[in-house]
Amino acid sequence: MAVFNAKDRVIECKLVFYGPGRGGKTTNLEYIFKAFNKHTSAEMVSINTQGDRTLFFDFLPIGLGKIRGCDVKIQLYTVPGQPKYRSTRKMVLKGVDGVVFVADSLEIQRKPNVESLKDLAENLAGENKNVFKIPLVMQFNKRDLGDQGIPVMPEDLMNRELNSKLKAPYHLASALKGTGVGATLKEALLLTLRHLQQELQWTK
Amino acid sequence: MSEKQHIKRALKEAEIYQAQGLLEEAKGKYEELLKFIGESQHFSNHEKLIGAVEGKIQVLDEALSKIEGTPVTLELSHNVQDLIKNLFTFSQTEEAAAMEGAVALAKFGQFERALDEFRSLLDQGVMPVMAAKNIVRCYLSMNETNAVLGEFEQWLSRELFSTEDLQDVRTFIQGALERQGVEVKLPVVAVPKQVGVQVKAKKNKNKKEEDLLLDISGVSIRFDIGPLKGQTVDFDVDFQSANTVSIVISVDQRELAESLAPGTRLPDMQCYSPITVFRSHGIVSGKATVKQGPRKGDYMVDIKIEGD
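Which chain is which? The protein sequence lines are A and B, in order. If you use our numbering, the first sequence corresponds to residues 3 to 206, in order. If you use our numbering, the second sequence corresponds to residues 240 to 547, in order.
If you're looking for bench data, these hints aren't it; they were derived computationally from the structure. Don't take every hint at face value.
Listed below are the simulated DSBU-like cross-link pairs for lysine-lysine, each with C-alpha atoms no more than 30 Å apart in a straight line [claimed, not checked]:
#1 131/A to 346/B
#2 96/A to 543/B
#3 113/A to 287/B
#4 86/A to 243/B
#5 113/A to 424/B
#6 120/A to 468/B
Computed far set for chain B versus chain A, every beta-carbon distance over 10 Å [stated by the list, open to error]:
#7 251
#8 252
#9 256
#10 260
#11 264
#12 267
#13 312
#14 326
#15 350
#16 364
#17 430
#18 476
#19 477
#20 492
#21 511
#22 541
These stretches of chain A come out as covered by chain B in the derived footprint (C-beta under 8 Å, 3 or more residues) [as the list claims (entries may be wrong)]:
#23 27-40
#24 43-51
#25 55-69
#26 135-142
Ideal Cβ placement from N, Cα and C applies to all residues, glycine included.
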């Protein structure tokens with residue numbers, strides 16, 4: 003839930019990176035941390051387990067500076083993607099303002115992508131939020147693996163399968179190289195802040 | 240594509256999956272390859288190839304069993320625990336926020352620290368019944384039944400609760416232990432000798448706030464849509480955290496469980512607490528499968544009660 007302090011003109015909101023396990027959510031945040039270090043005032047916190055899997059969440063606070071006279075602070079989170087951490091994902095989604103769904107382009111991840119998106123919709127519903135209404139941006143990650151001869155799903159197929167009803171903006175990415183990460187984040191921030199403007203009128 | 244090329248390509252694919260951390264998928268690819276090599280007996284280095292692939296599968300099996308053996312929670316540093324408290328607290332009032340922070344610690348498996356926080360809240364008289372019940376939940380999550388009993392005996396001898404609240408806590412513990420299959424008769428709460436006079440707790444700063452969060456022992460839900468339309472079903476409440484109650488539905492009652500999908504609105508509910516019955520409405524806020532214990536495989540459904 004975004005917090006808007008009208009007196010000090012500060013708005014703070016929460017963006018969650020969601021998606022199947024090992025799909026590149028943490029890699030997105032790591033790239034953002036490195037690339038936008040001017041905007042980060044604190045260290046990125048990652049709580050991992052064996053095999054570098056996210057156990058609870060990753061957390062990265064960033065500051066966007068002044069936008070229309072208001073100090074904009076963003077909290078970026080990832081969730082643990084493995085199915086068994088559903089209750090943790092629910093907890094991390096509390097008070098979410100915008101979502102980036104990081105889908106894995108590998109063909110073998112076709113089913114986990116769909117299941118994770120369904121899990122997102124259900125967990126949002128539990129928070130009284132609607133996956134069709136919340137600011138949402140899709141990212142089709144690991145596109146670079148196609149160049150190495152690894153079977154990846156065509157962009158059209160992914161868009162049809164994951165996004166035909168949601169019609170969310172989407173970006174092709176290779177988070178490890180940083181390709182598409184900035185564009186995804188920028189669009190997610192834009193949608194979220196625009197949505198919050200309707201709710202909180204923070205730029206008035 | 241020649242057989243040699245096919246093998247090379249499959250090996251590369253498996254290696255990339257492994258590098259991506261997709262260990263099950265990498266293992267699957269190696270197994271596919273093993274079958275392929277097994278069916279093509281004419282390779283000069285047939286045995287060597289099989290041995291190499293089997294070796295890779297073994298490495299993956301070891302890595303997978305390490306991951307499987309990793310505990311679902313781990314003890315975090317004090318700083319990270321503080322961060323969790325800070326990030327997952329949304330209440331405006333200081334005392335409600337303190338309770339919410341402690342609950343967040345427990346939900347992230349930081350039971351020792353959560354216990355300290357709940358005990359501190361109890362000592363300060365902040366929502367003592369809720370603090371006590373959460374202490375019980377922490378111990379039960381840690382499989383420390385004896386600690387629950389010890390704690391309850393201490394509560395009996397301290398003036399932290401009113402007689403009524405202590406009885407409420409006792410009922411809660413008795414029910415929670417029974418659900419875990421533990422048969423223990425808890426000490427009885429002594430009623431003061433003077434008729435009609437109840438022992439008052441020393442302090443309960445948030446009595447009013449806590450009273451609003453009634454302890455709900457059961458709910459009746461009348462379905463207004465779906466295959467159960469028009470029917471009313473009664474449930475016992477297994478857990479409660481603030482205004483969210485959890486009920487367990489048998490795996491055999493699939494239709495009932497499917498009628499309670501996350502996001503489903505429940506406009507007609509009746510809630511039962513030890514002191515009152517009230518009509519309400521709510522929303523299904525979560526559904527999961529019970530992973531362990533006597534009800535393994537059943538559905539655990541969370542319902543957020545929205546009205547009073």
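Point to revise | Verdict on residue 541/B as a residue remote from chain A, using beta-carbon distances over 10 Å | key: Non-interface label fails for residue 541/B: nearest chain A Cβ at 7 Å, not farther than 10 Å.
Practice item. Verify that the Cβ of residue 350/B lies farther than 10 Å from every Cβ atom of chain A, and report whether the claim holds or is violated. Key: holds, 14 Å
**Study point:** Coverage assertion for the segment 55-69 of chain A with respect to chain B, Cβ distance below 8 Å, three residues required
**Key:** Holds: 4 residues of the segment 55-69 of chain A have a Cβ under 8 Å from chain B.
Exercise for review: Would you check chain B against the segment 135-142 of chain A, counting CB to CB pairs closer than 8 Å, and say if three or more residues qualify?
Suggested key: Violated - the segment 135-142 of chain A has 0 residues with a Cβ nearer than 8 Å to chain B, which falls short of three.
Review point. Taking the closest pair, is the beta carbon of residue 492/B still more than 10 Å from chain A?
Key: Holds, because the least Cβ-Cβ distance between residue 492/B and chain A comes to about 19 Å, which exceeds 10 Å.
Check your understanding: In terms of Cβ atoms, is chain A entirely out of 10 Å range of residue 264/B?
Key -> violated, 5 Å
Check your understanding: Does the claim that residue 430/B lies outside the interface with chain A hold up, using a Cβ gap greater than 10 Å?
Key -> holds, 40 Å
Review point. Between residue 120/A and residue 468/B, does the CA-CA distance stay at or below 30 Å?
Key: holds, 25 Å
Review point. Would you say residue 256/B is clear of chain A, with no C-beta pair closer than or equal to 10 Å?
Key: violated, 7 Å
Review point. Far enough from chain A: is every CB of that chain over 10 Å from the CB of residue 251/B?
Key: violated, 7 Å
Exercise for review: Run the C-beta distances from residue 476/B to all of chain A and say if the shortest one exceeds 10 Å.
Suggested key: Its Cβ never comes within 10 Å of chain A, the nearest being 17 Å, so this holds.
**Study point:** Coverage of the segment 43-51 of chain A by chain B, judged on three or more residues with CB within 8 Å
**Key:** This one holds; 3 residues, not fewer than the three required, reach chain B with a Cβ under 8 Å.
Hint violations for this structure: numbers 3, 4, 5, 7, 8, 9, 10, 11, 12, 13, 14, 22, 23, 26, all remaining hints satisfied.
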